[in-house]
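If you read the protein sequences in the order shown, they are chains A and B. Everything in the first sequence is counted per this note's numbering, starting at 100 for the first residue and increasing by one. Everything in the second sequence is counted per this note's numbering, starting at 21 for the first residue and increasing by one.
It cannot be assumed that every hint is accurate.
[To be verified] Under the rule of at most 25 Å between Cα atoms (straight-line distance), these lysine to any residue pairs were calculated in the SDA-like manner:
(1) B:Lys130 - A:Asp189
(2) B:Lys130 - A:Thr187
(3) B:Lys130 - A:His169
(4) A:Lys161 - B:Lys121
(5) A:Lys161 - B:Val150
(6) B:Lys130 - A:Lys219
(7) A:Lys161 - B:Phe115
(8) A:Lys161 - B:Asp131
(9) B:Lys100 - B:Glu127
(10) B:Lys146 - A:Asp189
(11) B:Lys121 - A:Lys219
(12) A:Lys219 - A:Thr184
(13) B:Lys146 - A:Leu168
(14) A:Lys161 - B:Lys100
(15) B:Lys146 - A:Lys219
(16) B:Lys146 - A:Thr121
(17) A:Lys161 - B:Arg124
(18) B:Lys146 - A:Glu134
(19) A:Lys161 - B:Ala151
(20) A:Lys219 - A:Glu136
(21) B:Lys146 - A:Asn230
(22) A:Lys161 - B:Arg110
Bear in mind the hints are in silico, worked out from the structure with no lab data behind them.
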Amino acid sequence: MIPVHELRKYDIFLDLEPNELTSLARIADVVHASEGETIIREGQPARTFYVMDQGNLMIAFKDGRALALHGRGEVVGWSAIIHPTQYTGDVICLTDCSFIAFPGSELLRLIQSNVAVGTKLMRTVSQRVANRMQFIAEADKRRLKGGR
Amino acid sequence: MTALAAISAADGWLISALGISIVFSGLAGLAILIANFPRALAWWDRQSFESLGPRVKAIFRPREIKEKPPGAPEEVIEEKDLGDAEAALRILTSFLGEPFKLPRVLELAKDRIHRPHSAINRLLLKGTIVADPDGLFRWQDEGKGAESLDADESMKS
Chain A
100 MIPVHELRKY
110 DIFLDLEPNE
120 LTSLARIADV
130 VHASEGETII
140 REGQPARTFY
150 VMDQGNLMIA
160 FKDGRALALH
170 GRGEVVGWSA
180 IIHPTQYTGD
190 VICLTDCSFI
200 AFPGSELLRL
210 IQSNVAVGTK
220 LMRTVSQRVA
230 NRMQFIAEAD
240 KRRLKGGR
Chain B
21 MTALAAISAA
31 DGWLISALGI
41 SIVFSGLAGL
51 AILIANFPRA
61 LAWWDRQSFE
71 SLGPRVKAIF
81 RPREIKEKPP
91 GAPEEVIEEK
101 DLGDAEAALR
111 ILTSFLGEPF
121 KLPRVLELAK
131 DRIHRPHSAI
141 NRLLLKGTIV
151 ADPDGLFRWQ
161 DEGKGAESLD
171 ADESMKS
């Protein structure tokens with residue numbers, strides 16, 4: 100468990116009410132990872148959802164494409180709350196990192212039992228993920244159009 | 021007649037002793053050679069390494085692993101080291117071509133560059149390495165470098 104006020108630092112929790120934040124804080128934990136550490140491996144069961152507190156990381160996909168994320172509030176490991184709960188890329192810390200970690204099963208249970216939390220959280224996470232993944236989708240479209 | 025009796029009968033004690041000493045000397049020599057083999061290889065490696073140019077040396081410099089106490093503040097790579105890392109990474113990526121796959125570069129750099137993750141991160145934040153829209157990366161051309169203090173500041177946060 101972490102103090103509720105810790106969660107207020109992150110944009111993705113801004114819409115949540117105090118009691119909703121308390122529910123989230125109850126299942127959250129702080130996790131540290133060292134430079135060079137792979138905290139998520141592609142293909143492994145997605146058991147944890149992370150919100151980055153500090154550090155810099157890289158999400159690497161199987162085809163070699165990658166995404167570098169810097170700073171507080173970035174989310175990784177969203178596969179933990181999306182079927183088939185299997186990580187879709189490697190997440191490698193480029194510097195020492197710290198995260199707020201949520202066990203996927205407990206977060207999923209919370210989302211399913213509390214519609215308000217689920218709706219707000221999923222909306223924010225899906226927006227972020229959509230923005231982030233846009234480059235891959237667009238590149239694929241261009242490649243198909245250009246017949247590369 | 022037993023073996024020992026045969027040696028006695030043939031007056032072969034001297035030649036037997038000579039044979040035994042030759043075999044044992046050979047085995048001892050072999051053991052010494054094998055025992056010193058790692059040292060010889062290390063010397064050979066050093067000689068080969070010294071004969072390389074400075075830029076290539078930078079690539080093959082063994083990675084230094086320093087134990088860090090938990091909670092210790094993160095060390096920042098000095099500008100000179102970052103310059104060396106950049107030079108080494110440029111050589112690596114010249115083999116891969118541009119745009120390059122950053123995970124592949126990182127994989128190649130792991131055992132060759134001092135703190136490759138941090139170095140790549142610094143270069144990303146400085147805008148020396150930039151991401152293409154399709155998730156591949158390339159070097160920012162000279163003159164277009166987007167070195168920003170903001171980026172460095174955000175790295176520290």
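Quick rundown of the hints versus the structure:
1. B:Lys130 - A:Asp189: The given pair, whose Cα atoms are some 16 Å apart, holds under the 25 Å limit.
2. B:Lys130 - A:Thr187: holds, 23 Å
3. B:Lys130 - A:His169: With Cα atoms ~21 Å apart, Lys130 of chain B and His169 of chain A stay inside 25 Å; holds.
4. A:Lys161 - B:Lys121: holds, 11 Å
5. A:Lys161 - B:Val150: Cα-Cα ~20 Å, so holds.
6. B:Lys130 - A:Lys219: Roughly 40 Å between the alpha carbons, so the hint for Lys130 of chain B and Lys219 of chain A is violated.
7. A:Lys161 - B:Phe115: holds, 21 Å
8. A:Lys161 - B:Asp131: Holds: Lys161 of chain A and Asp131 of chain B sit about 21 Å apart, inside 25 Å.
9. B:Lys100 - B:Glu127: Between Lys100 of chain B and Glu127 of chain B the Cα gap is close to 22 Å, so the pair holds against 25 Å.
10. B:Lys146 - A:Asp189: holds, 24 Å
11. B:Lys121 - A:Lys219: violated, 35 Å
12. A:Lys219 - A:Thr184: The given pair, whose Cα atoms are some 20 Å apart, holds under the 25 Å limit.
13. B:Lys146 - A:Leu168: holds, 14 Å
14. A:Lys161 - B:Lys100: Violated - the C-alpha atoms of Lys100 of chain B and Lys161 of chain A are around 33 Å apart, more than 25 Å.
15. B:Lys146 - A:Lys219: Between Lys146 of chain B and Lys219 of chain A the Cα gap is close to 35 Å, so the pair fails against 25 Å, i.e. violated.
16. B:Lys146 - A:Thr121: Violated: Lys146 of chain B and Thr121 of chain A sit about 39 Å apart, past 25 Å.
17. A:Lys161 - B:Arg124: Roughly 11 Å between the alpha carbons, so the hint for Lys161 of chain A and Arg124 of chain B holds.
18. B:Lys146 - A:Glu134: holds, 18 Å
19. A:Lys161 - B:Ala151: Judged against 25 Å, a Cα distance of about 17 Å means the pair holds.
20. A:Lys219 - A:Glu136: Outside the cut-off at roughly 31 Å; violated.
21. B:Lys146 - A:Asn230: OK: Lys146 of chain B and Asn230 of chain A at ~23 Å, within 25 Å.
22. A:Lys161 - B:Arg110: Status holds; Cα separation ~23 Å.
Of the numbered hints stated above, those contradicted by the structure are hints 6, 11, 14, 15, 16 and 20, listed in ascending order.
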